[in-house]
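Below, each chain spelled out in residue letters.
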Amino acid sequence: GEDVEQSLFLSVREGDSSVINCTYTDSSSTYLYWYKQEPGAGLQLLTYIFSNMDMKQDQRLTVLLNKKDKHLSLRIADTQTGDSAIYFCATLKGAGSYQLTFGKGTKLSVIP
Amino acid sequence: DAGITQSPRHKVTETGTPVTLRCHQTENHRYMYWYRQDPGHGLRLIHYSYGVKDTDKGEVSDGYSVSRSKTEDFLLTLESATSSQTSVYFCAISGTSAKAYEQYFGPGTRLTVT
Chain A
1 GEDVEQSLFL SVREGDSSVI NCTYTDSSST YLYWYKQEPG AGLQLLTYIF
51 SNMDMKQDQR LTVLLNKKDK HLSLRIADTQ TGDSAIYFCA TLKGAGSYQL
101 TFGKGTKLSV IP
Chain B
1 DAGITQSPRH KVTETGTPVT LRCHQTENHR YMYWYRQDPG HGLRLIHYSY
51 GVKDTDKGEV SDGYSVSRSK TEDFLLTLES ATSSQTSVYF CAISGTSAKA
101 YEQYFGPGTR LTVT
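Protein chains in written order, with this note's numbering: chain A, 1 to 112; chain B, 1 to 114.
Don't read these hints as lab results, they were simulated from the structure. Being a predicted model, the structure only gives us computed values, none of them experimental. Note that CB positions come from ideal geometry on N, CA and C, so glycine has one too. Please note that a few of the clues may not be correct.
Straight-line C-alpha distance at most 27 Å; calculated DSSO-like pairs for lysine-lysine [what the hints assert, rightly or not]: (1) K99(B) x K36(A); (2) K11(B) x K56(A); (3) K67(A) x K104(A); (4) K99(B) x K104(A); (5) K11(B) x K104(A); (6) K36(A) x K107(A); (7) K93(A) x K53(B); (8) K67(A) x K53(B).
Reference listing, derived: stretches of chain A covered by chain B, where coverage requires no fewer than 3 residues with Cβ under 8 Å from a Cβ of chain B [what the hints assert, rightly or not]: (9) 42 to 49; (10) 74 to 81.
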């Protein structure tokens, strides 16, 4: 299977919470990331978590990491239409490597 | 905006012609990267640089070369463009020590090889 897997689409209503999931295979991943890409734009670093953490919260964003299951999730509270974008999960290998491995992205559509 | 520009932003070229894409940063960051983004593949690393004149291959380096003669510029060259190199190319940068693990991306270059 793929090194980093994400579901391709997610649709939520404005004001609801969105949860985007990601699974990865490399147990030596040290940092795990969430990027956001709007149409025609580059990737924006939203947040990232170090592998020895379970959770990280940053305003409306909550990242959960289950290292045992190699599962990463991004929760967006009070989802707004401006959150509509493609969200990429990415992992970084062990110390000394700066190469990111990306999933194929989850397209989040927010219904007004 | 992480102080990264890419040029050109759009280019159409013919098969067999050489093409050079430029990434320029104003952050004085040590690390620079070239990725390509294709439907169904996400982003894949082509080459990266860990200092002036220090470069290494990524996952999909065949058909590409890079050069870095100054900290601020990282060039990606397609020696003889092929249709399979039609893609969106992104440059990224990251710093040192605590910021080494934060990669920031440029706006991208859309390349079409006809």
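The hints, checked one at a time:
{"no.": "1", "hint": "K99(B) x K36(A)", "result": "holds, 19 Å"}
{"no.": "2", "hint": "K11(B) x K56(A)", "result": "violated, 40 Å"}
{"no.": "3", "hint": "K67(A) x K104(A)", "result": "holds, 21 Å"}
{"no.": "4", "hint": "K99(B) x K104(A)", "result": "holds, 25 Å"}
{"no.": "5", "hint": "K11(B) x K104(A)", "result": "holds, 24 Å"}
{"no.": "6", "hint": "K36(A) x K107(A)", "result": "holds, 10 Å"}
{"no.": "7", "hint": "K93(A) x K53(B)", "result": "holds, 24 Å"}
{"no.": "8", "hint": "K67(A) x K53(B)", "result": "violated, 37 Å"}
{"no.": "9", "hint": "42 to 49", "result": "holds (count 5)"}
{"no.": "10", "hint": "74 to 81", "result": "violated (count 0)"}
Of the numbered hints listed earlier, those contradicted by the structure are 2, 8 and 10.
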